[in-house]
Amino acid sequence: MEQEVYDCLLCGTTLHCQISWSMLIEKFPPVICEKCEGKFEHSIRAEKGHTSLFQYNEAMKDFLHRYKFMQDVVLAKVFRMHIHQLLKNQRGIIVPIPMHPDKRIARTFAQVDELLKEAHIPFIHLLEKNTPDSQSKKNRAERISVAPLFSVKGTVEKKSYILFDDIYTTGTTIQHATNALLEAGAASVTASTLIRG
Amino acid sequence: MLIKSQGERKYKGFLLEKNVQQFFAGRLWKREMAPFPPWKVNLYIRKGWLQVRGAIEEGPRCSRCHHTKHFIVFDCNKCQAKCVYCRHCINMGRMSQCTELLTWCGPLVRPLRNHILDWQSQFTPLQARASQELAESMRLKRQHLLHACCGAGKTEILFTAIYAALKRGERVCVATPRTDVVLELAPRFQQVFPQTTIHALYGGADVPHSYAPLIVTTTHQLYRFEDAFDVMIVDEADAFPYTFDEALQKAVQKAKRVEAPIAFVTATPSGQLLQMKKAAGSSYIPKRYHDRPLPVPRFESLWRYDKQLLKNKIPKKLETWLKSCIADNQPFLIFFPTIELMTHAIPLFQVVDEKIEAVYAEDTERKEKVLQLRNGQLKGLLTTTILERGITIKGVQVAVVGAESAIFTAAALIQISGRVGRHIHFAEGDVVFFHHGITTEMDAAREEIMKLNKEGFPYGTGSI
Ligand SMILES: [Zn+2]
Ligand SMILES: [Zn+2]
Numbered sequence: 001m002e003q004e005v006y007d008c009l010l011c012g013t014t015l016h017c018q019i020s021w022s023m024l025i026e027k028f029p030p031v032i033c034e035k036c037e038g039k040f041e042h043s044i045r046a047e048k049g050h051t052s053l054f055q056y057n058e059a060m061k062d063f064l065h066r067y068k069f070m071q072d073v074v075l076a077k078v079f080r081m082h083i084h085q086l087l088k089n090q091r092g093i094i095v096p097i098p099m100h101p102d103k104r105i106a107r108t109f110a111q112v113d114e115l116l117k118e119a120h121i122p123f124i125h126l127l128e129k130n131t132p133d134s135q136s137k138k139n140r141a142e143r144i145s146v147a148p149l150f151s152v153k154g155t156v157e158k159k160s161y162i163l164f165d166d167i168y169t170t171g172t173t174i175q176h177a178t179n180a181l182l183e184a185g186a187a188s189v190t191a192s193t194l195i196r197g
Numbered sequence: 001m002l003i004k005s006q007g008e009r010k011y012k013g014f015l016l017e018k019n020v021q022q023f024f025a026g027r028l029w030k031r032e033m034a035p036f037p038p039w040k041v042n043l044y045i046r047k048g049w050l051q052v053r054g055a056i057e058e059g060p061r062c063s064r065c066h067h068t069k070h071f072i073v074f075d076c077n078k079c080q081a082k083c084v085y086c087r088h089c090i091n092m093g094r095m096s097q098c099t100e101l102l103t104w105c106g107p108l109v110r111p112l113r114n115h116i117l118d119w120q121s122q123f124t125p126l127q128a129r130a131s132q133e134l135a136e137s138m139r140l141k142r143q144h145l146l147h148a149c150c151g152a153g154k155t156e157i158l159f160t161a162i163y164a165a166l167k168r169g170e171r172v173c174v175a176t177p178r179t180d181v182v183l184e185l186a187p188r189f190q191q192v193f194p195q196t197t198i199h200a201l202y203g204g205a206d207v208p209h210s211y212a213p214l215i216v217t218t219t220h221q222l223y224r225f226e227d228a229f230d231v232m233i234v235d236e237a238d239a240f241p242y243t244f245d246e247a248l249q250k251a252v253q254k255a256k257r258v259e260a261p262i263a264f265v266t267a268t269p270s271g272q273l274l275q276m277k278k279a280a281g282s283s284y285i286p287k288r289y290h291d292r293p294l295p296v297p298r299f300e301s302l303w304r305y306d307k308q309l310l311k312n313k314i315p316k317k318l319e320t321w322l323k324s325c326i327a328d329n330q331p332f333l334i335f336f337p338t339i340e341l342m343t344h345a346i347p348l349f350q351v352v353d354e355k356i357e358a359v360y361a362e363d364t365e366r367k368e369k370v371l372q373l374r375n376g377q378l379k380g381l382l383t384t385t386i387l388e389r390g391i392t393i394k395g396v397q398v399a400v401v402g403a404e405s406a407i408f409t410a411a412a413l414i415q416i417s418g419r420v421g422r423h424i425h426f427a428e429g430d431v432v433f434f435h436h437g438i439t440t441e442m443d444a445a446r447e448e449i450m451k452l453n454k455e456g457f458p459y460g461t462g463s464i
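Protein chains in written order, with my numbering: chain A, 1 to 197; chain B, 1 to 464.
Extracted from the complex, chain A is given alone in its bound form (with noise of 0.2 Å):
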């Protein structure tokens, strides 16, 4: 039932699919068109300890929509290379941000795991989201005075980790989820995310 993917995911044009040794050696062949690809915008920022892939623009918006809310799983495949890319060669063990399993239930899949399964980047689950809460319904003041929005699950080591997010907006996520781990005993963490808000 499943098949491999013949037409762009995002706007349904047959692919001309020319394959190139680095894909036949990545096992990434593409899914979406050159057109589609052309409107994402890479990230140029790369600030410390944190990096991510793409800047937030219109396609970008209609593609979170149509994954996210349209709830259009297949489309985690969209950025798996650029994700495989960016994380393979990483030293420190990827811990993707968890959602409320609540929320995670009614949208039927975690759409940040499936962003690193899609991209064959292994991972470990060590957070817990406490409350059910989307940070984006909250003004700044109550992002930052808000409780802790995660606690530890499972034994945190002495080692170098790295959150996988798919969107960074303010920050707030990130620094809750950062401090989480240190305070159990992480030696480092950094983060990595999709987009960049």
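Warning: the hint list may mix true and false statements.
[Unchecked claim] Estimated spans, in silico, between C-beta atoms of each pair: (1) B:Tyr459 <-> A:Lys35: 53 to 59 Å; (2) B:Thr68 <-> A:Lys35: 35 to 41 Å; (3) B:Lys40 <-> A:Met70: 38 to 44 Å.
[Unchecked claim] Heads up, simulated DSS-like pairs for lysine-lysine below, C-alpha to C-alpha not over 30 Å straight-line: (4) A:Lys159 <-> A:Lys117; (5) B:Lys82 <-> A:Lys27; (6) A:Lys27 <-> B:Lys69; (7) B:Lys141 <-> A:Lys117; (8) A:Lys129 <-> A:Lys88; (9) A:Lys39 <-> B:Lys367; (10) B:Lys250 <-> B:Lys141.
These are calculated hints, taken from the structure and not from any lab test. This one's a predicted model, so the numbers in the text were calculated from it and none came from an experiment. In this text, a Cβ means the ideal position worked out from N, Cα and C, and glycines have one as well.
Start from chain A and add chain B with the ligands according to the hints.
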């Protein structure tokens, strides 16, 4: 009767609530999206009047769109297992194995029959005959092909058949591929059927909770119905995406009752539809309601128009045409083969006159821009094929740029030409195909229009 007891609701007898029945009748509706509280929905399920089923049937097949390909398997956190969703109709909200759909299987809605047809027929003899033939086919539950040229007045031809069906207590659906057409048709129907509840359904429209015996809908919204209609009229039966999309044809079949007849209405029937004619009723109207011939397109070469436009230059002939429309105060439509070329060209046209805009399918201001052209606030529109049918603008002149492009099929070109001369006082007008080489499609379009004129006016048109 419902009795409240400490938040728990128990029931003794059961009172059928009209609004629940009327909302669900004929619909295939996502349980989570039901406009009633869950306890009430549960009550009707226990009673056996609402049936619950998974959105993906064995096969697999999508319950909503009946598509059997385009499934995605994923690890579902709701079912805690592998789950499947249909990607084909995902734009209408995702249907997965664990999505629950509701259908009504309680008592049938007792239809009102107090409909009024508030309309004075001014039919030409051809229209009158077609109108009777269509009504007769619908009464006999027989398929019907209404082949009426652009501007034949086909909406009016539908009135008699719809009215007769409504009077029989039947539920009627008029489906069309395009939202623009729904928006034009629905108010027109409401005007002539003032007593009838009519719903206009399209993507993004509010779904009224009442029961409508007459529904005007995009073919897409048909996905949300099952076994609902006694008469199914498919307008612009050949238009994209209907011809292209097998699943939409399935949606038409699914939305109607098994024995319900389908009437196909079109100006440009496909070979497949013409085939159907032999086994069913059919009507043919080669002549416009105002008894004047169809404007015949003329061909003008416009060599390398794309290169010129990309060099920020409007080709000479096109510019002359444009300026003469503006000078004569005539509204105009210029069709482009691609959005890219059009968006590149629009600033050039706006230099000539700032009251020119461009429209395309995803343009959120499309409705307003068409309205502005109609009331004279705009002088002209550049457009993709999205405006090829359904719209009527008094006195409009039409040009096609790149008429040789594959997107301009004979049917598309006939529809485009059909925009011109629709009004009784502006029965003539210019249709020009600017091209980089003449295609067989262009020839076929022109020949078909001349054939219609010949059949409509066997003794000559008097004006050519
Ligand atoms: Zn479907
Ligand atoms: Zn599921």
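Going down the list of hints, with the structure as the test:
no., hint, in the structure
1, B:Tyr459 <-> A:Lys35: 53 to 59 Å, "holds, 54 Å"
2, B:Thr68 <-> A:Lys35: 35 to 41 Å, "violated, 29 Å"
3, B:Lys40 <-> A:Met70: 38 to 44 Å, "violated, 28 Å"
4, A:Lys159 <-> A:Lys117, "holds, 22 Å"
5, B:Lys82 <-> A:Lys27, "holds, 24 Å"
6, A:Lys27 <-> B:Lys69, "holds, 25 Å"
7, B:Lys141 <-> A:Lys117, "violated, 54 Å"
8, A:Lys129 <-> A:Lys88, "holds, 26 Å"
9, A:Lys39 <-> B:Lys367, "holds, 27 Å"
10, B:Lys250 <-> B:Lys141, "holds, 19 Å"
Hint compliance for this structure: hints 2, 3, 7 are broken, all remaining hints hold.
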